[in-house]
Amino acid sequence: MADNEKQTLGFQAEVKQLLQLMIHSLYSNKEIFLRELVSNASDAADKLRFEAINNDALYGNDHELKIKVSFDKEARTITISDNGIGMNREEAISHLGTIAKSGTKEFFGKLSGDQQQDAALIGQFGVGFYSGFIVADKITVETRRAGAAANEAVRWESGGEGDYSVEAIEKASRGTDIILHLREGEDELLSSWKIKSIIRKYSDHISLPIMMRKEEWDEEKKETVLKDELETINQASALWARNKSDITDEQYEEFYKHVSHDFQAPLTHTHNRVEGRSEYTQLLYIPAKAPFDLWDRNKRSGIKLYVKRVFIMDDAEQLMPTYLRFVKGVIDSADLPLNVSREILQESRDVKVIRDGSTKRVIGMLEELANADEQDKKDKYTTFWKEFGQVLKEGIGEDATNKERLSKLLRFASTHNDNDEQNVSFEQYVARLKEGQDKIYYVTADNYKAAKNSPHLEIFRKKGVEVLLLTDRVDEWMLSFLQDYEGKELVSVAKGGLDLGQLEDEAEKKEHEETESSYKDLVAKMKEALGEKAKDVRVTFRLTDSPACLVADEHELSGNLLRMLKAAGQSAPDSKPILEINPNHPLVTRLKYQDAGSQFNDWAHILFDQAMLAEGGSLSDPATFVKRLNEMLLNSAAK
1 MADNEKQTLG FQAEVKQLLQ LMIHSLYSNK EIFLRELVSN ASDAADKLRF
51 EAINNDALYG NDHELKIKVS FDKEARTITI SDNGIGMNRE EAISHLGTIA
101 KSGTKEFFGK LSGDQQQDAA LIGQFGVGFY SGFIVADKIT VETRRAGAAA
151 NEAVRWESGG EGDYSVEAIE KASRGTDIIL HLREGEDELL SSWKIKSIIR
201 KYSDHISLPI MMRKEEWDEE KKETVLKDEL ETINQASALW ARNKSDITDE
251 QYEEFYKHVS HDFQAPLTHT HNRVEGRSEY TQLLYIPAKA PFDLWDRNKR
301 SGIKLYVKRV FIMDDAEQLM PTYLRFVKGV IDSADLPLNV SREILQESRD
351 VKVIRDGSTK RVIGMLEELA NADEQDKKDK YTTFWKEFGQ VLKEGIGEDA
401 TNKERLSKLL RFASTHNDND EQNVSFEQYV ARLKEGQDKI YYVTADNYKA
451 AKNSPHLEIF RKKGVEVLLL TDRVDEWMLS FLQDYEGKEL VSVAKGGLDL
501 GQLEDEAEKK EHEETESSYK DLVAKMKEAL GEKAKDVRVT FRLTDSPACL
551 VADEHELSGN LLRMLKAAGQ SAPDSKPILE INPNHPLVTR LKYQDAGSQF
601 NDWAHILFDQ AMLAEGGSLS DPATFVKRLN EMLLNSAAK
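Heads up, the sequence shown is in full-length UniProt numbering, so the first residue is 1 and it goes up one at a time.
Source of the hints: derived by calculation from the structure; they are not laboratory data.
It cannot be assumed that every hint is accurate.
Label-pair distances were calculated between CB atoms; the ranges are [claimed, not checked]:
#1 N272 / D228: 40 to 46 Å
#2 E51 / D574: 23 to 29 Å
#3 E404 / G128: 38 to 44 Å
#4 R309 / E229: 26 to 32 Å
Below, simulated DSSO-like cross-link-like pairs (lysine-lysine); rule was C-alpha separation at most 27 Å, straight line [said to hold, decoys possible]:
#5 K138 / K6
#6 K510 / K462
#7 K30 / K73
#8 K488 / K463
#9 K576 / K627
#10 K495 / K576
#11 K222 / K66
#12 K221 / K66
#13 K592 / K527
#14 K520 / K576
#15 K592 / K462
#16 K68 / K138
#17 K510 / K592
#18 K214 / K73
#19 K449 / K463
#20 K452 / K488
#21 K403 / K520
#22 K439 / K510
The beta-carbon is built from N, C-alpha and C at its ideal position, and this holds for glycine as well.
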């Protein structure tokens with residue numbers, strides 16, 4: 001089909017689904033359509049500025065970037081026009097007919113059908129251009145890419161149902177006009193007062209002038225009429241360049257929504273002008289909700305880079321470490337060159353200074369919330385940790401410079417509490433140390449229930465010693481970089497021999513030595529029975545209720561980490577666990593006096609397999625385990 005012919009195409013399936021959800025779920029906040037379309041127009045101008053750095057001819061004879069908003073009462077249309085980068089035919093199809101966004105599948109999977117809940121999700125996902133269909137039953141887009149000829153423009157049109165049309169047109173100027181054909185009942189939008197109030201509420205921070213035709217009173221007609229002269233209705237200055245005292249909380253919030261395309265307000269923000277070796281301004285936000293692509297470590301950063309208020313790029317990942325990839329905002333440098341490239345960013349000393357300074361500023365924001373006395377700020381940190389805590393843990397291994405500060409921000413579940421909330425800090429744990437305790441104890445598991453019920457905790461419960469319950473997938477990796485906290489060694493209760501130090505008195509230690517000696521023969525028989533299945537067998541005093549447990553040797557990977565590696569399809573060392581037996585358990589006591597033989601061997605294997613199951617592991621031969629257990633049950637029943 002020739003490019004100048006009208007072509008009808010079908011929407012991507014996700015677009016159709018999103019349109020229906022959005023129209024119904026977001027209608028109660030329909031004003032946001034204008035914010036989204038004005039933001040898109042601003043982005044188009046930013047992109048033109050960036051491309052024109054190396055190709056000034058793209059401006060043609062029109063260097064004054066602006067956005068125009070107009071309405072036509074008779075035609076019942078609202079038009080948002082910009083003279084930014086524009087689109088060609090392929091870009092119009094790609095940008096307006098499909099959603100090329102990571103996390104799309106997860107997004108649709110989380111929709112519940114509840115309009116109120118889905119509205120929050122849709123807002124978090126970002127709807128941009130499609131928000132126009134909240135108030136319009138047809139949208140016409142006329143666009144011409146900068147540098148293209150007048151006859152290379154394109155018209156895109158859709159009623160927001162299953163398809164859209166694309167055709168070639170002539171357009172005298174570059175940029176994009178979006179014409180909204182309003183639905184019945186939306187006539188209140190067809191007034192200067194209404195449109196101006198929406199723009200001033202949501203888009204006053206836009207650095208481009210947003211222009212509308214002036215109004216004057218017509219005495220003859222006894223009504224307000226529009227003049228041909230344009231007026232600027234927003235402040236039209238970069239918000240981050242203004243004094244903090246001149247910016248309201250509402251303006252900060254709306255600017256966040258502009259740069260992040262998030263519908264929710266941020267948790268907190270920081271706005272600073274930094275002077276010294278490098279001069280730059282930073283306006284950084286922490287969102288209230290994690291995006292769907294949070295776990296994509298290759299995802300571009302949410303930081304927009306400006307140089308002397310000229311937009312350079314909107315995914316400057318070199319300005320923020322990967323573990324802070326959730327941070328959104330703007331950094332405006334006074335020192336970098338306007339034609340800065342990604343390669344230059346990677347090598348620039350000025351960029352390193354900005355990155356280090358911005359990292360410290362974000363950590364400072366989090367410290368302010370985490371250490372606050374005000375309940376509101378405490379609640380905000382609780383929200384932050386639920387959404388981004390696992391990502392922040394990555395910083396322990398990636399940012400040696402700030403590791404100590406980050407460790408103070410960590411939160412964990414603990415045996416001190418009766419719930420799975422991760423709200424215990426190292427500082428709180430240390431403040432609760434028992435007399436004679438000089439270590440921080442923890443257990444890792446697949447989930448909270450497995451950690452809480454781990455047999456390794458039995459002696460700690462008996463002695464009233466708190467244990468941290470670590471269940472995030474990143475925990476095992478993090479712990480390889482975090483050996484202590486303020487001189488207190490971090491010790492896994494499931495690795496190595498149990499050393500309670502001064503938590504045990506001399507009488508207990510002497511009793512344990514005597515017991516170990518009396519069980520030497522049993523230990524030897526069990527080693528022989530288990531063969532290569534266990535690296536070792538030994539008596540333990542960490543158990544009070546369970547007959548046995550498995551532990552990893554002190555310098556080997558934990559059982560939980562080995563299972564995680566295997567589940568992820570990664571190679572794992574072929575290390576064997578150590579079986580520890582409880583000399584005070586009736587089953588073990590009974591085995592002590594049983595002769596070696598097939599029945600003894602079965603009991604030894606059953607104890608090993610039970611211990612494996614208790615810590616969340618899987619059996620290599622479950623059928624044999626069941627057979628052995630059934631035989632033992634039958635033998636017991638027959639007696």
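Non-conforming hints, listed in increasing numerical order: 2, 11, 12 and 21
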